Amino acid sequence: MSNLQTETALNIEPIKTKSDHRFLQFWRLFRRKKPAVISFYFVLFLFIMAIIGPFVTPFDAAKPDYNSVLETPSASHWFGTDEYGRDILSRIIAGARISLSVSVSAVTLGAIVGSILGLISGFFGKWVDKLIMRICDVLFAFPELILAIGIVAILGPGLNNVIIAVAFFSVPSFARIVRGATLEVKEMLFVEAEESLGASRLRIMFKHVFPETLPTIIVYYTMNVGTAILAAASLSFLGLGAEPSSPDWGAMLSVSRDYIGTAFHLVFFPGLVIFLTVLAFNLLGDGLREMLDPKMKD
Amino acid sequence: MRDEILIEAKNIKKHFPIKTGWFEEKKYVKAVNGISFHIKKGETLGLVGESGCGKSTTGRLLNGLIQVDSGSIIFNGKDLANASKQEWKKYRQKMQMVFQDPYASLSPRMKIKDILREPLDIHFKNMSSREKDKRVEDLLDKCGISRFHLNKYPHEFSGGQRQRIGIARALILQPELIIADEPVSALDVSIQSQILNLMKDLQEEYNLTYLFISHDLSVVEHISDRVGVMYFGDLVEMGTKEEIFNNPQHDYTKTLLSSIPQMIPKARRKQLT
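Heads up: the sequence lines are chains A and B, in that order.
Counting along the first sequence from 1, when you hit position 278 you're at 277 in numbering that gives the first Met the number 0, and nothing is skipped either side.
Counting along the second sequence from 1, when you hit position 165 you're at 164 in numbering that gives the first Met the number 0, and nothing is skipped either side.
You may find that some hints are simply not true.
Chain B side only, calculated, beta carbon under 8 Å to chain A, not exhaustive [claimed, not checked]:
{"id": "1", "residue": "Asn62"}
{"id": "2", "residue": "Leu64"}
{"id": "3", "residue": "Arg91"}
{"id": "4", "residue": "Gln92"}
{"id": "5", "residue": "Gln95"}
{"id": "6", "residue": "Phe98"}
{"id": "7", "residue": "Asp100"}
{"id": "8", "residue": "Leu105"}
{"id": "9", "residue": "Ser106"}
{"id": "10", "residue": "Glu117"}
{"id": "11", "residue": "Pro118"}
{"id": "12", "residue": "His122"}
Quick list of in silico lysine-lysine cross-link-like pairs, PhoX-like style, CA-CA up to 25 Å [said to hold, decoys possible]:
{"id": "13", "chain 1": "B", "residue 1": "Lys29", "chain 2": "A", "residue 2": "Lys125"}
{"id": "14", "chain 1": "A", "residue 1": "Lys206", "chain 2": "B", "residue 2": "Lys112"}
{"id": "15", "chain 1": "A", "residue 1": "Lys206", "chain 2": "B", "residue 2": "Lys84"}
{"id": "16", "chain 1": "A", "residue 1": "Lys185", "chain 2": "B", "residue 2": "Lys89"}
{"id": "17", "chain 1": "B", "residue 1": "Lys133", "chain 2": "B", "residue 2": "Lys151"}
{"id": "18", "chain 1": "B", "residue 1": "Lys110", "chain 2": "B", "residue 2": "Lys141"}
{"id": "19", "chain 1": "A", "residue 1": "Lys185", "chain 2": "B", "residue 2": "Lys84"}
{"id": "20", "chain 1": "B", "residue 1": "Lys88", "chain 2": "A", "residue 2": "Lys206"}
{"id": "21", "chain 1": "B", "residue 1": "Lys199", "chain 2": "B", "residue 2": "Lys133"}
{"id": "22", "chain 1": "B", "residue 1": "Lys110", "chain 2": "B", "residue 2": "Lys131"}
{"id": "23", "chain 1": "A", "residue 1": "Lys206", "chain 2": "B", "residue 2": "Lys89"}
{"id": "24", "chain 1": "A", "residue 1": "Lys185", "chain 2": "B", "residue 2": "Lys110"}
{"id": "25", "chain 1": "B", "residue 1": "Lys88", "chain 2": "B", "residue 2": "Lys133"}
Quick list of the computed label-pair ranges, beta carbon to beta carbon [to be verified]:
{"id": "26", "chain 1": "B", "residue 1": "Asp187", "chain 2": "A", "residue 2": "Pro142", "range": "54 to 60 Å"}
{"id": "27", "chain 1": "B", "residue 1": "Arg129", "chain 2": "A", "residue 2": "Val137", "range": "52 to 58 Å"}
{"id": "28", "chain 1": "A", "residue 1": "Leu43", "chain 2": "B", "residue 2": "Ser157", "range": "36 to 42 Å"}
{"id": "29", "chain 1": "A", "residue 1": "Val137", "chain 2": "B", "residue 2": "Ser127", "range": "50 to 56 Å"}
{"id": "30", "chain 1": "B", "residue 1": "Asn150", "chain 2": "A", "residue 2": "Glu183", "range": "26 to 32 Å"}
{"id": "31", "chain 1": "A", "residue 1": "Val137", "chain 2": "B", "residue 2": "Gly51", "range": "38 to 44 Å"}
{"id": "32", "chain 1": "B", "residue 1": "Ser157", "chain 2": "A", "residue 2": "Glu183", "range": "21 to 27 Å"}
{"id": "33", "chain 1": "B", "residue 1": "Ser127", "chain 2": "A", "residue 2": "Trp26", "range": "33 to 39 Å"}
{"id": "34", "chain 1": "A", "residue 1": "Pro142", "chain 2": "B", "residue 2": "Glu24", "range": "41 to 47 Å"}
{"id": "35", "chain 1": "A", "residue 1": "Ile145", "chain 2": "B", "residue 2": "Ser157", "range": "55 to 61 Å"}
These are computed hints drawn from the structure, not numbers from a lab.
Every value quoted in this text rests on a predicted model; they were computed, and no experiment measured them.
Cβ coordinates follow ideal geometry from the N, Cα and C atoms, glycine included.
Just chain A, same shape as in the assembly (with noise of 0.2 Å):
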């Protein structure tokens, strides 16, 4: 048999389908997942306030307003009016930007040095993944609101500290899983084929070892945003973060909650604001993973 008669009817000009483009691919799968979905737009909402909301608030949310103090939701102030009379609404928008910036800027900190930690944990092995993994186990034995709190403590309040903060706690869980996969990914055929062709190691790490390990890594950064904010909202709560006039969503919820019993509208609106952007994220994270984690291959 020769090779030309084997292969003719493949050297015809393939017809260029949908189905070539994975990005499109991997989209018409994630749209059937309906909670994913709705998580996915809602988040990305989200991020449009954060962008463009103070532009868009309705009121100016720092602006007090001494005769409109402590109103129910109206017709106005959809979400009503606090102590100052400032805009609830207006507020929420505003703090957009700063519960978003610092949660992700964390995650994104956190995930970045947990990542490459673990990848080198993984893919050297020996007593350089003791090392890093014992380490790691430290940090773990902390409970992470008590880790944050400390290091708050330590380096003083403000929401840089609580950046730096939530980003620390976030490092070793991110360290552990990329290891976990960089092991699997490790002892695939294709890295050694890499080894056989001379590829240095590092090369092998970056461009091969490191790719395979991004679906875990994204599906794992969504979640821990919605962490993020939590601790972030926890840590303003406590006096640690935001400074309490600032709309960051757990200031607000830390200085209106001498008014839980006389108005409850103070307090309910930043809390559903953040249980609704937490539960996004882990539904978005949740769907992300059920598309990536099972190996999205063929």
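Model the placement of chain B on the given structure of chain A, informed by the hints.
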């Protein structure tokens, strides 16, 4: 065929430790237990044996994917045992591997174009991008894959096509020795012969030397000049194809040969049990 020796293995050994408790005696799997052989330039040495007999380990030892415990490997007159990292990189260029499972040996996230360019990127940092592309396209043509497929991913190909890509990747550095570790055993029988013929054609064209590892005797008979038979880490018999297949000396070889299914039963070889 010239008589120059391309690669020689002298008494190479590889024992893998089995994990046991702290106070127990250390045990080893004797994967390769002191074997010696050589391959001449331009010939094909078939290595046969049942699974677990150490033939794949032998291939990996020659390629340096795992280190020998003792013994030496001499490639083109140079001992590889003491070679530095840089030297190894140079040797790797001259000896490439084709792997058994074409589904797993190609990176799933890279396009065919990038998979084939990868070896060039590693070894020829100064080569121009256009030259690399040209080399990739030419070789792909030779291996029977259309250049229209350059932008596709491995999962869009059949097993036979993927193995052609695997062979193209091994050839792109213009090596002298190809270590083919069961290159057709994952493929359909009809595709096997296509791949074997492709390998034969390429051997003639590029004057390649093959170490062909397989458990399938008919495949080895088809492609090899000389055949080595491995059994539990030892090379029990070695000879030309005709010697091994027509006049086997070792008992294990006789048993092995008798297990080949015959077109007409009992026609040629006596069945041993």
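To see whether the hints hold, each was checked on the structure:
no.: 1; hint: Asn62; in the structure: holds, 5 Å
no.: 2; hint: Leu64; in the structure: holds, 6 Å
no.: 3; hint: Arg91; in the structure: holds, 4 Å
no.: 4; hint: Gln92; in the structure: holds, 6 Å
no.: 5; hint: Gln95; in the structure: holds, 7 Å
no.: 6; hint: Phe98; in the structure: holds, 6 Å
no.: 7; hint: Asp100; in the structure: holds, 6 Å
no.: 8; hint: Leu105; in the structure: holds, 6 Å
no.: 9; hint: Ser106; in the structure: holds, 5 Å
no.: 10; hint: Glu117; in the structure: holds, 7 Å
no.: 11; hint: Pro118; in the structure: holds, 5 Å
no.: 12; hint: His122; in the structure: holds, 6 Å
no.: 13; hint: B:Lys29 with A:Lys125; in the structure: holds, 24 Å
no.: 14; hint: A:Lys206 with B:Lys112; in the structure: holds, 15 Å
no.: 15; hint: A:Lys206 with B:Lys84; in the structure: holds, 20 Å
no.: 16; hint: A:Lys185 with B:Lys89; in the structure: holds, 24 Å
no.: 17; hint: B:Lys133 with B:Lys151; in the structure: holds, 17 Å
no.: 18; hint: B:Lys110 with B:Lys141; in the structure: holds, 19 Å
no.: 19; hint: A:Lys185 with B:Lys84; in the structure: holds, 20 Å
no.: 20; hint: B:Lys88 with A:Lys206; in the structure: holds, 18 Å
no.: 21; hint: B:Lys199 with B:Lys133; in the structure: holds, 23 Å
no.: 22; hint: B:Lys110 with B:Lys131; in the structure: holds, 15 Å
no.: 23; hint: A:Lys206 with B:Lys89; in the structure: holds, 21 Å
no.: 24; hint: A:Lys185 with B:Lys110; in the structure: holds, 20 Å
no.: 25; hint: B:Lys88 with B:Lys133; in the structure: holds, 23 Å
no.: 26; hint: B:Asp187 with A:Pro142: 54 to 60 Å; in the structure: holds, 57 Å
no.: 27; hint: B:Arg129 with A:Val137: 52 to 58 Å; in the structure: holds, 54 Å
no.: 28; hint: A:Leu43 with B:Ser157: 36 to 42 Å; in the structure: holds, 39 Å
no.: 29; hint: A:Val137 with B:Ser127: 50 to 56 Å; in the structure: holds, 51 Å
no.: 30; hint: B:Asn150 with A:Glu183: 26 to 32 Å; in the structure: holds, 28 Å
no.: 31; hint: A:Val137 with B:Gly51: 38 to 44 Å; in the structure: holds, 43 Å
no.: 32; hint: B:Ser157 with A:Glu183: 21 to 27 Å; in the structure: holds, 26 Å
no.: 33; hint: B:Ser127 with A:Trp26: 33 to 39 Å; in the structure: holds, 37 Å
no.: 34; hint: A:Pro142 with B:Glu24: 41 to 47 Å; in the structure: holds, 46 Å
no.: 35; hint: A:Ile145 with B:Ser157: 55 to 61 Å; in the structure: holds, 56 Å
The earlier numbered hints are all upheld by this structure, with none contradicted.
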